[in-house]
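Make the full structure from the sequences, and use the hints.
There are 2 protein chains.
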Amino acid sequence: MKWKELEEEPCSMARTIGVIGDRWTLLILRECFLRTRRFEGFQSALGITRHLLAERLKKLVRLGILRRIPYQEAPKRHEYILTQKGLDLYPIMMALVHWGDTHMVDERGRPLLHQHRKCGKDFDPVMVCSECGEPLLAKEVHTHPGPGAQSPLTIEAPDKPKAKARRSAA
Amino acid sequence: MKWKELEEEPCSMARTIGVIGDRWTLLILRECFLRTRRFEGFQSALGITRHLLAERLKKLVRLGILRRIPYQEAPKRHEYILTQKGLDLYPIMMALVHWGDTHMVDERGRPLLHQHRKCGKDFDPVMVCSECGEPLLAKEVHTHPGPGAQSPLTIEAPDKPKAKARRSAA
DNA sequence: ATTTGACAGTTCAATTTTAGAACTGTAAAG
DNA sequence: CTTTACAGTTCTAAAATTGAACTGTCAAAT
Numbered sequence: 294m295k296w297k298e299l300e301e302e303p304c305s306m307a308r309t310i311g312v313i314g315d316r317w318t319l320l321i322l323r324e325c326f327l328r329t330r331r332f333e334g335f336q337s338a339l340g341i342t343r344h345l346l347a348e349r350l351k352k353l354v355r356l357g358i359l360r361r362i363p364y365q366e367a368p369k370r371h372e373y374i375l376t377q378k379g380l381d382l383y384p385i386m387m388a389l390v391h392w393g394d395t396h397m398v399d400e401r402g403r404p405l406l407h408q409h410r411k412c413g414k415d416f417d418p419v420m421v422c423s424e425c426g427e428p429l430l431a432k433e434v435h436t437h438p439g440p441g442a443q444s445p446l447t448i449e450a451p452d453k454p455k456a457k458a459r460r461s462a463a
Numbered sequence: 294m295k296w297k298e299l300e301e302e303p304c305s306m307a308r309t310i311g312v313i314g315d316r317w318t319l320l321i322l323r324e325c326f327l328r329t330r331r332f333e334g335f336q337s338a339l340g341i342t343r344h345l346l347a348e349r350l351k352k353l354v355r356l357g358i359l360r361r362i363p364y365q366e367a368p369k370r371h372e373y374i375l376t377q378k379g380l381d382l383y384p385i386m387m388a389l390v391h392w393g394d395t396h397m398v399d400e401r402g403r404p405l406l407h408q409h410r411k412c413g414k415d416f417d418p419v420m421v422c423s424e425c426g427e428p429l430l431a432k433e434v435h436t437h438p439g440p441g442a443q444s445p446l447t448i449e450a451p452d453k454p455k456a457k458a459r460r461s462a463a
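So the sequence lines, in the order shown, correspond to chains A and B. Residue numbers for the first sequence follow our numbering, beginning at 294 and rising by one. Residue numbers for the second sequence follow our numbering, beginning at 294 and rising by one.
Keep in mind that the hints are not guaranteed to be accurate.
One copy or any two copies: either way a pair holds, since identical chains are not told apart in the list.
[What the hints assert, rightly or not] Once the Cα atoms are required to be at most 30 Å apart in a straight line, the calculated BS3-like pairs of lysine-lysine come out as:
1) Lys-351 <-> Lys-369
2) Lys-352 <-> Lys-432
3) Lys-369 <-> Lys-352
4) Lys-378 <-> Lys-352
5) Lys-432 <-> Lys-351
6) Lys-351 <-> Lys-378
7) Lys-295 <-> Lys-411
8) Lys-295 <-> Lys-369
9) Lys-351 <-> Lys-297
10) Lys-369 <-> Lys-432
In short, the hints are calculated from the structure, not lab data.
Dropping the structure here:
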């Protein structure tokens, strides 16, 4: 599987991974949410090579996640800003941060806190069901094929052509 | 920046990316949530090379995201199952799926639907504020340094040592 | 008038990762 | 005794990433 194919798989997660599933893209997007907009800004904040940065920005623009907007003529210069499609990545970013906050902090505690302007409090992001509002637990979710399914991932792993129960577990 | 350093950055997102931020790791984790547990299962479901699969599984076990549990003696065989730390990645997975469902589906619609056993309905995951329960919008969140901060990412980009306003925008 | 610096890339050799395919080893089944 | 299932390991070729230098435009300083 080469990674262009990812975007064509009948799996929304695979497609998303094909778009943003690499280290630098994710870090670039982090910077975008932190209001970085310019080439040099990304480069110095991340230490990414200019080569890769240019390549990744181009890809994000091509995919409609960033928009490239001129901010000066003369030597033409552009800023990269998130489109709505890009802004919609926010829950992914927050979910990544929250997992890190939960499992990867050292003694000193969290590097960054998030305050919700609406209620004024520092918060954690919680993922809930759109229908009943309850927090989502993996165990309580049943996955089933939708209209765009075509074969893989019908859930409950249908891919054991010759499962034969060789022997009971040790 | 080489990717071992990522895990030591004072940024929960960077640390998380250092752990799960690559294509194959993410795809392997997808399979875990779809109940795949064995080496051959992962390999045939994903088409990943055996070499990389072995390496990635080892890493996920080392990081405490998967547990390697014997299911048979004789030719020793193990299953890889999610620990609590691994299960906690669920919101990340759902956020990835949801973005793909929103922005990467073709005419046929979603490949997979998710049903919440609690309420019985097919749902979308929604990220809300732990304090007030309102859905989170990027614009409404203010980031500020926490106890574990040490320099970068104080938000509102403090990294322009010589910003001088060369000229107004075009 | 010339040099320096900021900014946004591009180019290219060297290194690191990943892909692909074959090979190892145990044990059950035919 | 040979084949098959399973879980890796080993090795070479191909692809991606790093590091460092180079290009080009314009403003400011000398």
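We went through each hint and held it up to the structure:
1. Lys-351 <-> Lys-369: Close inside one copy (16 Å), not across copies (48 Å); limit 30 Å.
2. Lys-352 <-> Lys-432: between (36 Å within a copy, 24 Å between copies)
3. Lys-369 <-> Lys-352: within (20 Å within a copy, 45 Å between copies)
4. Lys-378 <-> Lys-352: within (14 Å within a copy, 32 Å between copies)
5. Lys-432 <-> Lys-351: between (39 Å within a copy, 25 Å between copies)
6. Lys-351 <-> Lys-378: Cα proximity of Lys-351 and Lys-378: one copy only (16 Å, versus 35 Å across).
7. Lys-295 <-> Lys-411: This pair counts as neither: shortest intra-copy Cα distance 44 Å, inter-copy 38 Å.
8. Lys-295 <-> Lys-369: neither (35 Å within a copy, 32 Å between copies)
9. Lys-351 <-> Lys-297: Intra 16 Å, inter 26 Å, cutoff 30 Å: intra and inter.
10. Lys-369 <-> Lys-432: between (53 Å within a copy, 29 Å between copies)
In terms of the numbered hints stated before, the structure departs from hints 7, 8, listed from lowest to highest.
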